[in-house]
Amino acid sequence: MAKQSKTYRKIKDSSPTYERIDHRELESALGVRAGGAAAPKSAIRYPSLAVLQRQLREELVSEGGRPRRAGAVVTRRVPMTESEARSLDSLTDEVRQGGLAVTTGQVAGVLLRERLGSAYGEASLDSASDTGQVISQIEDALERILAAAASAKEELEALKPVAKELLERMKAGKGIESDPAD
Amino acid sequence: MNRILPIDAGATQSHLKSLLALARTSGVQVHRISPLGLKWKGLYLLCEGQAAVALCEGMTPDEEVWVLAHELGHHFSPPVRGLFSPFVINVAADRPRHRSGKELRRRPDEERANNWAAQQLISESDWKHAEAIAPVDLAGMASALGLPPEATVCWQRARLWGHHPTVLRAVPVPRSIVRTLGDACEGVGGHQALFRRVLSDTRQRAPRLKISFQDFLFARERAHTSRGGWLPYYATLLVALQSPVRAAGGVDAFFGLPQ
Chain Z
1 MAKQSKTYRK
11 IKDSSPTYER
21 IDHRELESAL
31 GVRAGGAAAP
41 KSAIRYPSLA
51 VLQRQLREEL
61 VSEGGRPRRA
71 GAVVTRRVPM
81 TESEARSLDS
91 LTDEVRQGGL
101 AVTTGQVAGV
111 LLRERLGSAY
121 GEASLDSASD
131 TGQVISQIED
141 ALERILAAAA
151 SAKEELEALK
161 PVAKELLERM
171 KAGKGIESDP
181 AD
Chain W
1 MNRILPIDAG
11 ATQSHLKSLL
21 ALARTSGVQV
31 HRISPLGLKW
41 KGLYLLCEGQ
51 AAVALCEGMT
61 PDEEVWVLAH
71 ELGHHFSPPV
81 RGLFSPFVIN
91 VAADRPRHRS
101 GKELRRRPDE
111 ERANNWAAQQ
121 LISESDWKHA
131 EAIAPVDLAG
141 MASALGLPPE
151 ATVCWQRARL
161 WGHHPTVLRA
171 VPVPRSIVRT
181 LGDACEGVGG
191 HQALFRRVLS
201 DTRQRAPRLK
211 ISFQDFLFAR
221 ERAHTSRGGW
231 LPYYATLLVA
241 LQSPVRAAGG
251 VDAFFGLPQ
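Same order as they appear, the protein sequences are chains Z and W.
Number 114 in this note's numbering belongs to position 114 of the first sequence; there are no gaps in the numbering.
Number 65 in this note's numbering belongs to position 65 of the second sequence; there are no gaps in the numbering.
A few of these clues could be false.
Stated by the list, open to error - Calculated lysine-lysine pairs in the BS3-like style (CA-CA distance at most 30 Å, straight line):
hint, chain 1, residue 1, chain 2, residue 2
1, Z, K174, W, K39
2, W, K17, Z, K164
3, Z, K171, W, K39
4, Z, K160, W, K39
5, Z, K171, W, K17
6, W, K17, Z, K174
7, Z, K174, Z, K160
8, W, K39, Z, K164
Claimed, not checked - Restraint-style ranges between C-beta atoms, simulated for each label pair:
hint, chain 1, residue 1, chain 2, residue 2, range
9, Z, R76, W, R159, 31 to 41 Å
10, W, S26, Z, M80, 31 to 41 Å
11, Z, P161, W, Q192, 39 to 49 Å
12, Z, S87, W, R159, 42 to 52 Å
Worth flagging that the hints you see were computed from the coordinates, not collected in a lab.
All C-beta atoms in this analysis are idealised placements derived from N, C-alpha and C, irrespective of residue type, glycine included.
Based on the provided sequences and hints, a complete structural model is requested.
Structure below.
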């Protein structure tokens, strides 16, 4: 006997369709003018939204529960400013609108890896043959970055007057290394 | 143990000159700054591509050389230079622990800087020369090199630690030394385990100390770094080893290591 699934009623979108506003009308209404060629939205991001979505889609693995990034086994707290947090949330929302259920941490992980890759002068991750190994290297690097940042903060706090004095002297000129008497 | 040797001031001055020349050619500024009421020895700053080292005024010449070398070590042996760029300013400092006044436990970055400093200041031949003067005393060796003892401790750790760990030698000693060291075997811990190994062959009529190369390095370091109760035991052990090592023609000859 054939299965008879429930048939749902069709929904018709009857909301009004607004007229498109020409940019010249907007310029005249606001008293402004266009300031040059507009860059495509994706071009001003690094990496582009499409690349970001593709990388996340490739890396996310589902084993029941929330999907996770393959190889991402280390979790670290990363201090950030409010605006950075807002940008990250906004970017995560855009990725989610593309149909991927990702967290801000997963998006941040991919962004961090891209930035670190360029800092190290490494090849693009697209060309990496062993993604797991690369991710592991990135996680190690992240750990070192966080340790360096924490260390720098601690030392700067404790020796702020010395650092300030040294910075002033650095700007003023050469030190004893240029003194032939020493 | 050797009596405290005077520091070779000529060697210290030579080290300072070569480090300052290296700083000059590498574009690293070096400034002496008053303590400003804080406890610190040195500071390394990398800011907007310009590197500088601050040295706390009032240090002894050998200490100043070591601190300068350590701070330059941060410049020449960073973990990955690119790592520092996101934080605009990279900073590393040598300062004592807040409460105890002891040195801060070394972080990996600090270890790297120390290793660079020790190997920049001490060549293999310098080490052999100093070891011939004070074979069982790292502080004596450091004096002969015009450096503070931290330099020889770091060099030993960087260059000798873990090499030939199983090479073993037996040294006949008087029963009185065995009795003294016997007190150090009671309890559980690294120190006790070392002295138990050293005294594992003393039940015969002619007692002997069994010392491996690794235990010798450990004792030589601990005689400098230990404070309080363990210091006399390490000093006793090293005093007992001093004559046999000298008689053999040096540490390498005593342990039969390739020279």
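Structure versus earlier hints - violations, ascending order:
none
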